[in-house]
Amino acid sequence: MTDASITAPGKDSRPSATLLPSGEKRARLRKWRYFKDGVSRYGVGAGGIGVVFALGLIFVYLFYEVFPLLVPADVSVETRYTVPGDREADTLFLTLERYQELGVRFSSQGVATFFQADDGHIRRQIALPIPEGVAITSFAHGEARQRLVAYGLSDGRAIVGRHAYDLSYPDDVRYITPKVEFPLGEAPVVVDPQGSAIIQIAIQEGPQGFVLAALTEDNRLLMSRVRSTTNLFTGAVDIRRDAFQLPSPPGNTRQILVSGDHRSLFVADDLGQLHYYDISTPTQARRVDSGQVVPEGHQITAMDFLVGTLSIIVGGSDGSVSQWFLVRDDRNQHHLTRVREFQSHAAPITVITPELARKGFYVGDASGVLGIHYATSHRTLLKRQVTDGPIRDIGLSPVNQAMLVRDDADNMLLLDLRNPHPQVSWQALWSRVWYEGRSQPEFIWQSSGATDDFEPKFSLIPVTLGTLKAAFFAMLFATPLAIMGAIYTAYFMQRHLRTVVKPTVEIMEALPTVILGFLAGLWLAPFIESHLPAVFSILILMPLAMLVAGFAWTRMPMSVRQYVPLGMEILILVPVILLVGWLSIAASPLMEVLFFGGSMRQWLTEVGITYDQRNALVVGIAMGFAVIPTIFSIAEDAVFNVPKHLTQGSLALGATPWQTVVGVVLPTASPGIFAAVMMGFGRAVGETMIVLMATGNSPVINFNIFEGMRTLSANIAVELTETAVGSTHYRILFFSALVLLILTFVVNTAAEIIRQRLRQRYSNL
Amino acid sequence: MTLKNWFKSGSPWVWLNAGAIAISMIMVVGLLALIMVRGFSHFWPSPILMTDLTTHDGREMRIVGELSRSQVLPAQVLRDAGVPIDDDIQLVTRHLIKQGNRDVWGRDFVWYPELGMTQWTYPRDAMRLERREWGDFYGFPVRILEQGRTVAEGDQLWPELQQRIRRANDIFDEIRRIERREIGNVNHRMERVRLSERRLDLQLREGRITVAERDQAMADLAAQRLVLDQEYAVLQARLDALYKDVRRDTLVAQVMDGREWEIPMAQIIRAIQPNDMNVLSKTGLYLKQFWEFMSGYPREANTEGGIFPAIFGTVTMVFIMSIIVTPFGVLAAIYLREYARQGPLLRVIRISVYNLAGVPSIVFGVFGLGFFVYFMGGAIDRNFYPEALPSPTFGTPGLMWASFTLALLTLPVVIVATEEGLSRIPSTIRHGSLALGATKAETLWKVVVPLATPAMMTGLILAIARAAGEVAPLMLVGVVKLAPTLPIDGNFPFIHLERKIMHLGFHIFDVGFQSPNVEAAQPLVYATALTLVVLIVVLNLTAISIRNHLREKYRGESD
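First to last, the sequence lines map onto chains A and B.
full-length UniProt numbering numbers the first residue of the first sequence as 1 and each following residue consecutively.
full-length UniProt numbering numbers the first residue of the second sequence as 1 and each following residue consecutively.
Hints are not guaranteed to be accurate.
[What the hints assert, rightly or not] List time: in silico SDA-like cross-link candidates among lysine to any residue, alpha-carbon distance up to 20 angstroms:
| id | chain 1 | residue 1 | chain 2 | residue 2 |
| --- | --- | --- | --- | --- |
| 1 | B | Lys8 | A | Gln659 |
| 2 | A | Lys383 | A | Ser320 |
| 3 | B | Lys4 | A | Ala549 |
| 4 | B | Lys4 | A | Ala655 |
| 5 | B | Lys8 | A | Trp553 |
| 6 | A | Lys36 | B | Asn517 |
| 7 | B | Lys8 | A | Ala549 |
| 8 | B | Lys4 | A | Gln109 |
| 9 | B | Lys440 | A | Val39 |
| 10 | B | Lys8 | A | Lys36 |
| 11 | B | Lys8 | A | Leu651 |
[As the list claims (entries may be wrong)] Pulled a few chain A residues facing chain B out of the computed Cβ check, cut under 8 angstroms:
| id | residue |
| --- | --- |
| 12 | Ser168 |
| 13 | Tyr169 |
| 14 | Val173 |
| 15 | Leu741 |
Please keep in mind that the hints were generated in silico from the structure rather than gathered at the bench.
Virtual Cβ for every residue (Gly too), placed ideally from N, Cα, C.
Let's have the full structure, built from the sequences with the hints guiding it.
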């Protein structure tokens, strides 16, 4: 340095003999250097900001994926035209096929009109084979996905049809050919052998064939179970029919519904009452329960099953919309129960159309208002005036993206429908929900089921509580060990030993959690199961043994004690701990024989405690193990950095070392220790592999240490790869990731701020 | 000192605190020791025991196998499980015997009570066969058949067996080479021809080429396909011949209940008689098996064989991640420390970045799956690989996305370490450089950054250690239980970023928890865990030593 400072001005003072490049060159060089400086400044700036931005993108993107859950449903009118087909006849039923290209209208003349949904142009008209001289007296449709319709005839017979669609691809373009099939043959099926007119009819296809329920003119309630088999060679349809007569319903019947499992039948009368018949054994069928489903003086104006035929949605002349299903009481009796009341409409309800694969439904009322509701989440997603007159029919596409609405004046509207995530509401995620078939509202997480009509149960409470449970037991195990260990290491331990101990504990932090999880699940869990008493005896004996060893040590002669200097107590304790541990484990079978009648596990079950092999105890130990280094490392720093003059002052005033710890060190370092615990908690909350491997992953709600749990993180790991991209389930899993992110971020930030404050405080002391 | 005074002084608390750290240390050391012992012992040939057991109902049976572990437990537990035990017995010892022969009995691990067992013997001719299917075989060799004809018995049997196993293994290696490499190569090229044809169709539909152009290109491709078909037929014929060849020999062996069992030589990988081996030959076998474990491919739903694809996948992924994370992490750290205006906003950013290190890794996995795989990958597929749709190329989890996700996950680690390194560089050095007229960039890149290189290395090593041990996010973004091909091979373009990979950590999870025969897979899981632990501990110790070294160095210079 000195060399340069002497020679440089020397060179400058003799410009003629300078070895420096010419001024122009130097200027160019300088320019180049400043250019590079600029490039570096902006390059690094761009890179740095880019990285910060990329990290921020995590928040943004998770929000972006969750956001559609909050978007309400919407409809917009695509086209409008008058009802296609025979205008003289009434429209009885309207629906769309899955490509939303064709609509179908069943009329009171027994004609199926297939038309193009966007302009009403008729593609095909099929007249059902109604025999000569017989009139149509009633109509019913089955569950939407079965595409079944039934016409009841004036001669006590019925005709059953199914609208179906053939796909072909001439020139690589999809072409749909509609048709009507007759699953029970083209000839009408006899429902009433006495031949009186059928004034109400209901149909449902089940695993054992078809059920037709009918009310005749003379108020007899009949039920037929029809099974058809098609001969493979001749193509002839063979029909087998069992007929039953049920007790006649009271009052004037408005509508009949039969459930898909053919176990229950519902009859609505004109006084606003709904009657429930148990038809599981048709010969003993009886009316079990009746209920007033709309207020007295009002009438049931529309009624239909939700998909799965477990719930009935009832609309009344007072504009009320409610959900009903059978709830089993203590005596195993089913009762019709009002489960939910939806936002009521201002005018009488005229039509209810359920969705095909979800528990949602669409409601039209007499003032032309369309309502979109969803049962599970108890939401009313939309109420909007779409026509001036009363809505008469709503035809819904199977994929919930378009709908047909017919009003009183035979105007047909094709509506574009956007209703992607009705299943989610704050209530559905965080409150008790009364799911179909359950006896009361509950918290349940069950995202998928075996059948199409399964009702997904998206309560985040079980997994959130599971997360807290796992974290709680982990912290219960880790906090005392880590903090006490940190105090000892930072304050009492000999310096050389500390340089070994601290890195060893910190290495634990880097240990892959998959290894901890694997050991917990495959080694620790069976071990604990077969050595349960040992766990408890260790818990009790270990501290006692330490104290005894400590006191015994003070009684040792000085000549022995001098071998282990102060700050090395740990060397004496290691053999003691190993000995106690080994004794406890070796004596464990004996203890089981002596105190627990041979098997502690069995004993637990007998006193009413459920025991899972992979339980919270195992998770607590394994995850505690993962959390200890986090807490230890930060707490140790906090204790170690307590200014020495404070402790020395305390000691000089005559306090014992422990009194100094309690009176001076801990109060000073407590924010740091608190921050350490928070950091540990943050880690325990987000840990995935350990809980995934060391619990049974069942989303139960309890704080029993011998049962498992499912945590948010494990839930994501298990389910995210199995779900459809963009589905509600997918977005809920993203939401739970967001919850985890925010939770840990807040906890960590708070801990970090506390630590920074502490650092300042130390520097001021 | 009396007990009362002792308590008053607070010493008991000190002892309890010492106990806490002692327990922690014992747990760490114990855990590492457990993995070490179980992992390393996996390769040691254990003796084959033989004993006769008289069961409770008076049946006699002979047991041949390896002792897996023993247990003492209250008799009541077994009674509850339906095992009949005399009432006066309180505690029973039982042994888990690995008797192998899954094809003979269906169960390869069986618990037997010690009660009623005769003295264990270790017959010298007891044999263990390592097989490609059905797990290990335990029994006594009887004779060797060549196409149904006895060729060796008695004393010549063992050398003859070894020689024929070697022959069968050589043929098998050849078969595997043809299947993996040559047929794999043909398949790869055929797939490219197929994609080229589809691309031509697409281009024609979009009007970018004429019909004539397409037909000409199609003819070219058809010719290529013909050549490939021929190549394939040749390979297939060779394979058929080899398969026929390898099925020539059969070993007949006696199992523990006296029955004779035929084992095709093609199934046998190795035959050993551990009771007849000395320490030296056992050590040799140990090393050989250890090497096979590290370099071999998995067999039998990953429960046997080696873990080479998992090691390779882990290393490749971590390597790509390092390439991404190092420059970006360093740039961000330099920006935060050197260029950004220090103020409250920067403090918020810094704390946020630091805290991302504490965010659960699964959250990064979710982000990776949503953003990288579906969002970016989907866009790449639509724009660059339309011919492969609807089967996704990059729009599905794979190596590249796994590396990206881990890079994001480890960015905070690198940033923190680098920033710390930069902040430790004494400002005198910086001032000296600036005083000599250097620009800020020159000071930075020629003085400060080189001095901080060790810190960056530390950060990188810590990042690698973290990445190598992460499993949860990888389950979502690209790791599978069994990848048919390695991400790097001899087929163009050599590095296949879109392929799925195997991973050590996931291997542990999968084999330990998803495999049908957990008992048989356990030793292998321990060995895999050991590999991973060693890898990570070594990386961490390196990082720690670099850091300590660095601290010492700068402490000296700044004083």
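Hints the structure violates: just list their numbers, smallest first. 6, 8, 10, 12, 13, 14
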